[in-house]
Structures are given as structure tokens and as C-alpha cells.
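Protein chains: 2
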Amino acid sequence: MEEIKVFCPATIANVSCGFDVLGLALDAVGDEMIVRKVPEKGIHITKIKGQDLPLAADKNVAGVAGLALLEQSGYSGGFEIEIDKRIKPGSGIGSSAASSAGAVWAMNELLGRPFSNLELVKFAMQGEKLASDVAHADNVAPAIYGGFTLVRSYDPLDIVTIPTPPELYATVIHPQIEIKTSDSRKILKSTIPMEKGIRQWGNLGGLIAGLFQNDYDLIGRSLEDHIVEPIRSILIPGFDNIKANALKADALGGGISGSGPSIFALSKGKETAEKVAQSMRETYQKVGIPFDIHVSKINAQGVKPIV
Amino acid sequence: MEEIKVFCPATIANVSCGFDVLGLALDAVGDEMIVRKVPEKGIHITKIKGQDLPLAADKNVAGVAGLALLEQSGYSGGFEIEIDKRIKPGSGIGSSAASSAGAVWAMNELLGRPFSNLELVKFAMQGEKLASDVAHADNVAPAIYGGFTLVRSYDPLDIVTIPTPPELYATVIHPQIEIKTSDSRKILKSTIPMEKGIRQWGNLGGLIAGLFQNDYDLIGRSLEDHIVEPIRSILIPGFDNIKANALKADALGGGISGSGPSIFALSKGKETAEKVAQSMRETYQKVGIPFDIHVSKINAQGVKPIV
Chain G
5 MEEIKVFCPA
15 TIANVSCGFD
25 VLGLALDAVG
35 DEMIVRKVPE
45 KGIHITKIKG
55 QDLPLAADKN
65 VAGVAGLALL
75 EQSGYSGGFE
85 IEIDKRIKPG
95 SGIGSSAASS
105 AGAVWAMNEL
115 LGRPFSNLEL
125 VKFAMQGEKL
135 ASDVAHADNV
145 APAIYGGFTL
155 VRSYDPLDIV
165 TIPTPPELYA
175 TVIHPQIEIK
185 TSDSRKILKS
195 TIPMEKGIRQ
205 WGNLGGLIAG
215 LFQNDYDLIG
225 RSLEDHIVEP
235 IRSILIPGFD
245 NIKANALKAD
255 ALGGGISGSG
265 PSIFALSKGK
275 ETAEKVAQSM
285 RETYQKVGIP
295 FDIHVSKINA
305 QGVKPIV
Chain C
5 MEEIKVFCPA
15 TIANVSCGFD
25 VLGLALDAVG
35 DEMIVRKVPE
45 KGIHITKIKG
55 QDLPLAADKN
65 VAGVAGLALL
75 EQSGYSGGFE
85 IEIDKRIKPG
95 SGIGSSAASS
105 AGAVWAMNEL
115 LGRPFSNLEL
125 VKFAMQGEKL
135 ASDVAHADNV
145 APAIYGGFTL
155 VRSYDPLDIV
165 TIPTPPELYA
175 TVIHPQIEIK
185 TSDSRKILKS
195 TIPMEKGIRQ
205 WGNLGGLIAG
215 LFQNDYDLIG
225 RSLEDHIVEP
235 IRSILIPGFD
245 NIKANALKAD
255 ALGGGISGSG
265 PSIFALSKGK
275 ETAEKVAQSM
285 RETYQKVGIP
295 FDIHVSKINA
305 QGVKPIV
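As given, the protein sequences belong to chains G and C, one line each in that order. According to our numbering, the stretch in the first sequence is residues 5 to 311, in order. According to our numbering, the stretch in the second sequence is residues 5 to 311, in order.
All the given hints hold, so there is nothing to weed out.
Identical chains blur together in the list; that is why a pair holds if it fits in one copy or across any two.
Listed next, the in silico DSS-like pairs over lysine-lysine satisfying Cα-Cα at most 27 Å (straight line):
1) Lys89 <-> Lys308
2) Lys200 <-> Lys133
3) Lys200 <-> Lys184
4) Lys200 <-> Lys190
These are computed hints drawn from the structure, not numbers from a lab. Remember, predicted model here, so these are calculated numbers, not experimental data.
Construct all of the structure, not just a fragment, from the sequences and the given hints.
Structure representation (C-alpha cells):
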């Protein structure tokens, strides 16, 4: 195989009580990317559609992730990349992660899969480092593994895949305002009350158990974050109303996607997820900020070829 | 049925990263209790073997838990209780919880099971309140449900049962020193660093996933507590050596049982758990404090009839 076209999923990181550890991959929104083997060494980004992003490999997240893989591969040639950038940067649904993950996943396919998913995550994390100064894994892990992933540890990197209940859908609203990841980091406190910590790990335990057992009610009860959401949600106009109305529309629960501004809700069944989308639409039209809404099944596969 | 004899399991609460939420039931150590229906109203503790504990129902944890059940039951008679107290109070393996849980479980059987396990936990929590001023559920829940239980929330009370991997064994050493639960509470800090909180919920997520998947290595990697263990272990002579040597003897991991002084390790297979017991024995003989050691399968059933 000399060329592959792939779908690079958007992802939700910081899934409620899983702040900094739990992420999931979406199916209805993502970038598309064509990667082809070329004799010239290095990564050559030849085309980026949809966004004004640098073509220079060392300034582009897909390029940086790809170079990290190339360096370990022993492959004497290079790769050309064309990116159709459909996820808006800064939206909070893993725009940079999609490009980083897609690039290394596609290259691995073209080289005959010499690398494990864990190694691919490590390469893609280099793209994340370029994007936000932190080599975090909570978006690239679900983008590569698919479904829900837990980053249990960074040293050593330990990614745990969590099963995806078959009827679980996400609804995501992206208010078109800018929140810088670095700013939304800064407003977090460096210490938390023990009592809130206990509630958080109790809820994360419940959420993981709910995902393993397809127990949608338990998933819903566990989607509580008393630590980060109360602080960061202040930066997102209309957050409280969006969330309250999503719950009224029968969402299981929800929260801030990544570091915002996107807000997500999880629901049992597509019909409910659409109803939640409608409630978000009605709520946000009153806020007066432009927005996009996505309804998506959880993507259990991660990056995948487009045939 | 007018009379029942039950085994009331010892339990390990605060299972490592599951501080205040995760507990498990043991099989090889527990109290025995005979409960019988009598026409006289109230709870009548007629005999306590093995420990010097009050017979007055309102001063005994089994009595208080039983009275809470009686009040809700509509039953016009009462119960007689004989307790063979084999778990030493203050050992950190749920001595009071075993009595509270055993009493209400047995009464529920004799009344034809009018109450759910969740209701039984609520009654038994009244016994815990008498014992330690706090109506905590992390020992009585595994004693009643069996296996691993997660107390996701207290308000409302939400107990999540977690499956027990078939080859999982616990080794517990009880150094015969006294640590008051109230003292071991006092030395804990009321705030924790966010970064340690994130590691804790990452580990708890990994532990729950490991238990669901019978992934013993993941269970072992996740048995890390960077928050409570470093502080409380100071109160337990020889803790660091016991733990280090247990790991050398192939234990998956371990920590403080409850608020101590008991120390537990989890292992894959009975043979390894016995080897861990031997390493604990050798380590503690040098400390010079008397001790008991128990090796036990995880008790997936909880309180059970003795026939």
C-alpha cells in the first residue's frame, strides 16, 4: 500500500469526573487525511484545506508527530500528507490530536504496522506538545484506540481501554468563542479539598463500572465533577442552562469537553441525543453566540481508513 | 425459619487508591453469630464469646444495627443474638462492621427477606456510627454484598458491586498495636494536591477496569495510593518493609487495611498469597510486635449461613 485516506476522529477529553485521564472518540466529526509514501525523506505537508495552518512539518502537529514516528521507523523514504481540516482548532474536541493521531496511524499502516497503539500514542503526543506545550495523551489515546480510554499513568505511559456501551451517543455544542487551553489551566486550583477528591474517584469508579456493564443509569449518576467544572464553566457563556436543559431532555449527564468551550452530553440512544441537540440549539440561540452542534455515536474504532 | 447461624466476614476498606470508597470481603476470617426469633420485642444479646463487649443492645453495634432494622420491619417480636467474636476490635479489618452486617443480614433472612441489600447497609451503618461516630459504609457494604464494593455516593447512598477475579487472594497482617480510627483521621490533610488527585482517580479507574477484566497485572499497577498511605503508614511500625517484601514475594500490590494497623496485599493465586504471608511473617518477627496473619480468598458472597 502506497497511499491511504483516513478519518481522524474528534475526541472529548476530561470526561466529567475523569479530568485529565478519561477521553472518548467521536464518529460524526473528524478530519480527513491522505498520506502517501514518497521516496524523499521527511514529512511533506502538501495541502491543508479548511484552516490556515503551517505547512512546514516542524511547525505542524501532524508533521511533528510524523517526524517522531519516522525517526524510530528505519524507513528510508518519507511521507506526503494532505489534510482536510474539518475540526476547528480551539474548539475543545481534540483538533490537534486528530491531526497528530491520524498522521501516525496512517503512516503505521503504510509501513506494515511496525508500531503498537501505545507507541503511536507516544508519537502523537509530540504533536500535542507542539500545540499546547504539554505532551498530554487524553485526546490522542481515544483517537488512536477508539472508544473510551483511561490514561492511568504517564510514567510509564499506561493506557487502559474501556468498553463502549452500544447505545451511547454524544451531543456536542461548540460555542464559537476562544478559550486558550493555557488560560483554562491557569484558573484551576493546585490543591483540592480531600472530600471532593473522594467524591471524584468514587464517581470515576462508578463511571468505569457503568461502561463495563452497559449500565446507563449508573453512567448518568457518575457523570459528576465537583472539582473542575464549577471553575471552568464560568468561562463558557450559558453553560449552566445548556447542561440543565440537556438533563431535562433526558441526557444521562455531561460537562465541558476538553478545556472548553465545547460542552458535551451523553445519552442513551440516538433519538435522545437528537432531542438533547435540539434543547442545546434552543438554549444557545438565546445566548447570541454562533455555534455548531454535533450528534455522534461513540467511535469504538478510532482513526480508520476511508474507502 | 426461627434461628440461623451466620458467618460475618472481615473486610478491607480503603483499598489503596480507593480510599473511603472501595472495600472487599474476606473469607478466611470473620465472626460467627446465631440469631433467633423470640416473642419478646427488641434485641437481646445473650452471649458474647471472645471479646469483652457490652450486652446492652443500645451499646452494642449488632444491637444498634438490629434495632434500626426492627423499627422499619413491622415485626412484633424480637431477636436473640449470640456472638462468637473472632475479629479483634481495632484491627482495621472491619470488626464492628462484621457484627452490624451479620446481625441485620440474619434478621432479614428470618423475616423472609423484606429488605434489599442497600437497606441492610443503611441499617448496618447505624452500628458503624456507634463504633466510630461516623456512619460509614465502606466495610458494611462489602460485608453484606460480598466481593468488591464501591460506595459511589452517600447522598443518596449508591453502592456499586464490582466483580471479583477468581484467582484473587488477600494476605493480611495484623500487628497487635492500637491505632484509633479517630487518630488516623486526624493526621490526614483536608486538602490534597490536584496532581495527586488526578493520579488517584486514574489509578482507581485502572483498578476497577482490572477487576472487571480479570487483568491481574493492571490490578497490580493500579494499587497505588500517593495520598493517604504515605501519611498513615507512619503510624504502623515496619509498614514500608512489609510492603516492599510482599512485592518481592510477587504480591500484585497492597496497602493499609481500613485505618490500620492491619496491612493487606493482593495476590494472584493462593500459593503466592501464602508466599506473601511467609514474607510478612519473617519481616515482622524482626519488628518484635505480636501479630496475626490471614490468607483468604476474596469472599464473593458476603455474610452467609453456616450449615
